[in-house]
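**Q** Input sequences plus hints: build the corresponding full structure.
Okay, here's what each chain looks like letter by letter:
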Amino acid sequence: MTDIDEALLIAWVDGELDEVTRRRVDRALAEDPVLAERLETHRRLRVRLSGHYAPIEAEPVPPAMRALLEESAKVVPLARPATPRWRNWGIGGAIAASLVLGLGIGHLSGGSSGPVAVRNGAMVAQGELASALDTQLASAQQGAAIRIGLSFQRKGGGWCRSFEGQSISGVACREGEGWQVQQLVPGAGQATDYRQASSGDARIMTTVDALIEGAPADAAQEEAAQAKGWREGE
Amino acid sequence: MSFESDLLAILPRLRRFAASLSRDRADGDDLCQAALERALKAREQWQPGTRLDSWMYRIMRNLWIDEARSRQRAARTFAPEEAGEHVGHAGDRDVEAHVMLSDVDRAMHALPDEQREAIALVLVEGLSYKEAAEVLGVPMGTLTSRLVRGRGALIEMLGEAA
Chain A
-3 MTDIDEALLI AWVDGELDEV TRRRVDRALA EDPVLAERLE THRRLRVRLS GHYAPIEAEP
57 VPPAMRALLE ESAKVVPLAR PATPRWRNWG IGGAIAASLV LGLGIGHLSG GSSGPVAVRN
117 GAMVAQGELA SALDTQLASA QQGAAIRIGL SFQRKGGGWC RSFEGQSISG VACREGEGWQ
177 VQQLVPGAGQ ATDYRQASSG DARIMTTVDA LIEGAPADAA QEEAAQAKGW REGE
Chain B
36 MSFESDLLAI LPRLRRFAAS LSRDRADGDD LCQAALERAL KAREQWQPGT RLDSWMYRIM
96 RNLWIDEARS RQRAARTFAP EEAGEHVGHA GDRDVEAHVM LSDVDRAMHA LPDEQREAIA
156 LVLVEGLSYK EAAEVLGVPM GTLTSRLVRG RGALIEMLGE AA
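Heads up: the protein sequence lines correspond to chains A and B, in order.
Here our numbering is used: position 142 in the first sequence is 138, and no number is missing along the way.
Here our numbering is used: position 154 in the second sequence is 189, and no number is missing along the way.
No wet-lab data here; the hints were simulated from the structure.
Cβ coordinates follow ideal geometry from the N, Cα and C atoms, glycine included.
Check the hints yourself; a few may be wrong.
Said to hold, decoys possible - Computed Cβ-Cβ distance ranges for the label pairs, DEER-style: (1) Glu102(B) - Asp28(A): 42 to 48 Å; (2) Met175(B) - Gly153(A): 27 to 33 Å; (3) Ala113(A) - Val173(B): 47 to 53 Å; (4) Glu36(A) - Arg78(B): 42 to 48 Å; (5) Asp65(B) - Glu66(A): 17 to 23 Å; (6) Glu149(B) - Gly153(A): 53 to 59 Å; (7) Gly187(B) - Asp28(A): 27 to 33 Å; (8) Ala3(A) - Glu72(B): 35 to 41 Å; (9) Glu27(A) - Pro174(B): 31 to 37 Å; (10) Ala32(A) - Ala109(B): 27 to 33 Å; (11) Ala136(A) - Glu149(B): 53 to 59 Å.
As the list claims (entries may be wrong) - Which bits of chain B does chain A cover? Going by a derived footprint, with three or more residues having C-beta under 8 Å, they are: (12) 155 to 164; (13) 182 to 193.
What the hints assert, rightly or not - Here are a few chain B residues that sit away from chain A, every Cβ distance over 12 Å (derived from the structure): (14) Arg48; (15) Ser89; (16) Asn97; (17) Ala103; (18) Ser105; (19) Ala109; (20) Ala110; (21) Asp140; (22) Asp148; (23) Val173.
**A** Pasting the structure below:
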């Protein structure tokens, strides 16, 4: 007579038992051939089921499914229902720039210095990232290693810009003469030589939503702000 | 890595899951294709940093449940006099496909939906109980009792040797 029920037996087979419980079951199995036979039945069932469906995983992907994914990867998602209008920033001038060259930020900023430094306890942009934030306009950045997403005024005043690169993406806001990085997330990655624009990271969009006052700058407003050195006020 | 190439990487497993839910391979691939289309449309809802495979399992499973329900409704609406003969089956297609199906396919197909999906996620896809319970949106205890009942039924259908 044992206290090992069916649920414990199958949890043993599924590898779900902690060490202590597994040993308890093992001891009961050693003493009870009937129980051991039931466990063996459950183990055979698992092997038979997984073996039955395993060949499907090894098959080549059907052409229709592959084509569906490949077609989708080529298309910049133009329609994004139920998102604010300004999120379609990728459409206008950026269509021409929809392929972003896959240059790592590190290569251009001279390696050791990197795109971000910590000064007085705050992350600040430097090197290539700082100059992209200073000078690059979202409407004209074909081939740029770092791509500017949105330029916008934050609540309480001051300019912020979202950016996207191969190794890092994020949001930075103007503080004095520099750019304080508000958020940093891994970039588009090194997996491919180029990638689609307009695939804004959801985390960055959340940060922009939290910071933004009104609508993001259009091309003219952005250019004017850049000409004034991103100082506050219109 | 793009969203699409991430999907492509897990596609072999998604097809396997679809096949284990569906009555035959063709239905499985239809389900898988529909799940991909749904995922591409709903891509904004996926949270980067969370598991894409779990998200896809959930999409596929929900499509499958919806489809199973509408099939049952159609069966009740259009063929009430046959209901007694074909409970849980889709009529004469069943007879045609019967020849092609193995013992395992038939046994899986005979399980109630909630047992079949639990068995598919844990025994075929190799998910942990915690992961499977999350995909199905049920407590762990519910999942394990479905696994116990589903396995009992399979062993009975497939014979003691399983």
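**Q** Just pull the numbers of the violated hints for me, sorted ascending.
**A** 2, 7, 10, 14 and 21
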